[in-house]
Every structure is written in C-alpha cells, then in structure tokens.
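Top to bottom, those sequences are chains U and R.
Start counting the first sequence at 0; every next residue gets the next number (numbering that gives the first Met the number 0).
Start counting the second sequence at 0; every next residue gets the next number (numbering that gives the first Met the number 0).
Source of the hints: derived by calculation from the structure; they are not laboratory data.
Every value quoted in this text rests on a predicted model; they were computed, and no experiment measured them.
You can trust all of the hints, since none of them are fake.
Straight line, CA to CA, 27 Å or less: simulated DSS-like cross-link-like pairs of lysine-lysine:
1. 43/U with 100/R
2. 89/R with 28/U
3. 135/U with 39/R
4. 59/R with 100/R
5. 48/R with 67/U
6. 75/U with 100/R
7. 100/R with 135/U
8. 158/U with 44/U
9. 48/R with 75/U
10. 48/R with 57/U
11. 43/U with 89/R
12. 100/U with 44/U
13. 89/R with 103/U
14. 44/U with 100/R
15. 172/U with 29/U
16. 172/U with 183/U
17. 39/R with 89/R
18. 100/U with 89/R
19. 75/U with 39/R
20. 75/U with 52/R
21. 44/U with 89/R
22. 39/R with 59/R
23. 216/U with 204/U
24. 57/U with 100/R
25. 100/R with 67/U
26. 89/R with 158/U
27. 183/U with 18/U
28. 59/R with 103/U
One-sided excerpt, in silico: chain R residues whose CB lies under 10 Å from chain U:
29. 20
30. 95
31. 109
A partial selection of chain R residues facing chain U, derived with a Cβ cut-off under 8 Å:
32. 14
33. 25
34. 26
35. 68
36. 69
37. 100
Note that beta-carbon positions come from the ideal geometry of N, C-alpha and C, so glycine has one too.
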Amino acid sequence: MHLFNNHGNSFPSLLFLLKIATRGHALLKKKSDALTVQFRQILKKIVSSKESMGEIMKTSSFSLTEAKYVAGGNIKHVVLENVHTASLKVRSRQENVAGVKLPKFEYFTEGETKNDLTGLARGGQQVQQCRVAYVKAIEVLVELASLQTSFLTLDEAIKTTNRRVNALENVVKPRLENTISYIKGELDELEREDFFRLKKIQGYKKREIEKQLASAKEFEFAEKDSSQKGISRNSAHNLLSAGREKDEDIIF
Amino acid sequence: MANRVQIPTNNSALIAMIADEDTVVGFLLAGVGNVDLRRKTNYLIVDSKTTVKQIEEAFKEFTTRTDIAVVLISQYVANMVRFLVDSYNKPIPAILEIPSKNHPYDPAHDSILSRVKHLFSTESVASRH
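Could you put together the complete structure from these sequences and hints?
Right, here's the structure in full:
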C-alpha cells in the first residue's frame with residue numbers, strides 16, 4: 000500500500016487516509032459479520048452437543064453400575080491400582096476460520112490400555128462394555144471441548160474486531176473528516192479574501208478612472224463657460240476645484 | 000491479529016477430571032488416567048470428605064499445567080467453586096461441566112451457556128426445563 004507519493008514526501012494526504020479508513024471500516028465490518036455467523040453456528044452445536052453429552056453420561060453411568068454389580072464391587076480399587084500413563088489423550092491443532100485461528104481437539108489412543116483387570120473374578124464382559132461406553136463419552140466430550148474453546152476464542156476475536164470498527168467509525172473518520180473540512184474552509188476563506196481584495200482594487204481603479212473622466216469633462220465645460228461669460232479661466236477652475244474637494248469628502 | 004492468545008499446537012495432552020468416584024473410575028477404565036513419576040495425577044476424586052480448598056487447588060493446578068488440555072468437572076462440584084469456574088477465561092484448557100449420577104446436567108448453571116444467555120431473548124436455553 001502506497002503511503003508515499005511521487006515527490007518523496009512521506010506524509011500521506013488526508014484524503015487518502017480517509018479513503019483507507021473508510022475501506023478498512025467496511026472490511027472489518029464484513030469480518031465481524033462473518034465471525035458472528037460462525038459464532039452462532041458454534042453456539043447451536045454446543046447446545047445440542049451438551050444435551051447428547053448428558054445422555055451419553057447417563058448411559059455410561061448405568062453401564063458402570065452394571066459392571067460393578069456383576070464384578071462384585073471391587074472395580075474401583077483394581078482400576079485405581081492400574082493407573083499408569085494415560086492411553087487416551089488429546090491433541091490440538093489450529094484451524095483458520097474467517098481469518099481467526101480456532102483450536103480443535105482430537106482424541107487419540109497411545110499404547111495399550113491396561114487390560115490388567117485380573118483382580119476381577121467375574122464381569123469381564125460388562126467391564127469391557129463399560130469401558131467402551133466411557134470411551135464413547137470421551138469422544139463426545141472432546142468434540143465439545145473443541146467447540147467450547149472455539150466459541151471462547153471467537154468471542155474474543157469478535158469483541159476486538161468490533162472495537163476496531165467502532166474506533167474507526169467514531170474516532171478516526173470524524174477526526175479526518177473534521178480536519179479535511181477545516182482545511183477546505185480555510186482555503187475557501189483565503190480564496191474569498193483574495194477575490195474580495197481583487198474586487199476592491201478593481202473598484203478603486205474604476206473610481207479613479209471615473210474621477211479622471213469626470214474632471215476632464217468639467218475642465219472642458221469650465222473652459223466653454225468661462226469663454227462665454229468672460230470669467231477668467233483660472234478662477235473658473237478654482238471654483239470647480241473647491242466644489243470638487245467638498246464632493247471628495249462626501250464620497251469618501 | 001485479532002487473536003492475541005496463541006493457542007499452542009499440542010501433540011499430546013491429558014484430560015483431567017474433578018468428579019465423583021463413579022465418574023472418575025469410569026473414565027480411568029477408559030484409559031484417561033495418568034500418574035507420573037512424582038505420583039502426580041490428573042484427577043481428583045471428590046467425596047463427602049473433600050474440602051472446597053482441595054477442589055480449588057486441584058482446579059488451579061489443572062488449569063495451569065501445560066500438559067492438560069481438557070478439564071472435566073462434575074457440575075455439582077463446579078457449583079462449589081462457581082466463582083473460580085466463572086472467572087476462568089482462558090480457552091485452553093477447556094473446562095467442561097459434566098453431570099453425575101445424582102445430579103443430572105442442568106444448563107442453567109453451565110458457565111459457558113450462562114455467558115450467552117443474553118443472546119437468546121425468547122427461546123432461552125438456560126430456562127428450558
């Protein structure tokens with residue numbers, strides 16, 4: 000983007016700044032709208048996901064109760080003894096959505112889940128089913144975690160973008176517009192002053208010329224008159240100049 | 000740009016749990032549990048003897064550990080430390096409120112959903128029975 004014009008002056012003109020502020024404002028508004036659409040979609044998914052999570056947890060809980068019943072209530076200890084490194088973990092990646100990096104979780108299994116439940120006399124099948132139920136629950140929960148994190152990130156991004164939109168709209172643009180109209184006003188005023196000065200001078204010149212024409216005419220008349228009436232030329236002129244001086248006072 | 004918080008790409012992170020015994024046992028069965036060399040676990044079993052302070056500490060610990068990406072917390076436990084859960088505002092680790100056997104899931108108290116209650120005017124999610 001050019002901020003330099005051709006004469007090597009590095010200050011961009013105000014009109015140019017106003018142009019880019021306007022364009023930036025429009026673009027940011029679009030971004031905000033796009034993000035808000037995503038936001039609402041994610042929210043809907045979260046709501047339905049949370050509901051199915053509730054269901055799945057209930058199912059898993061039943062299956063555990065069953066397993067406990069069949070295995071004779073000893074499950075808890077055996078399981079707790081057998082915890083070493085987690086075999087069910089998550090990894091996170093980033094997804095770019097409308098210019099915002101949203102996190103995404105995926106669950107994966109690593110290593111062998113300890114099947115060392117030899118402490119349990121019976122109930123192998125129920126325990127297995129229970130395990131499957133809880134793994135399914137994890138699947139839903141990890142998906143939910145993704146949605147939730149994206150949701151929070153989007154929320155922040157939307158707030159920031161809207162802050163910028165508002166700043167441009169309510170601070171930057173008005174300031175630029177005010178400065179531009181002030182400068183225009185000053186320039187207009189200077190132009191008007193020049194114009195007025197010009198007109199004034201033209202006016203003076205015109206009056207000078209008229210004055211001279213008028214005095215030339217009177218001179219002629221005085222000459223004619225004095226020759227007709229026999230008054231000396233000089234006194235006729237003197238009379239005229241006295242009268243004219245008084246007139247000059249009136250004019251100015 | 001608009002996203003100041005950089006979410007690190009993590010290839011291997013744990014799921015932590017703060018829940019009642021049954022729930023924790025179920026998830027441990029699935030393979031979520033982790034005990035490291037220093038006997039530090041990624042879960043806390045909450046029973047009648049667990050104090051609020053212990054829950055607070057576990058929550059704070061799990062949410063500051065860099066190897067934990069998700070924290071599952073039973074909703075009734077979350078209610079005990081509601082102020083901590085509600086004031087938590089980092090995207091990672093993600094805090095998920097889950098139901099427990101005696102306390103079915105109640106959207107009215109979910110800290111995430113309550114944040115957007117204002118977005119829904121007539122059809123309020125949180126007020127659904």
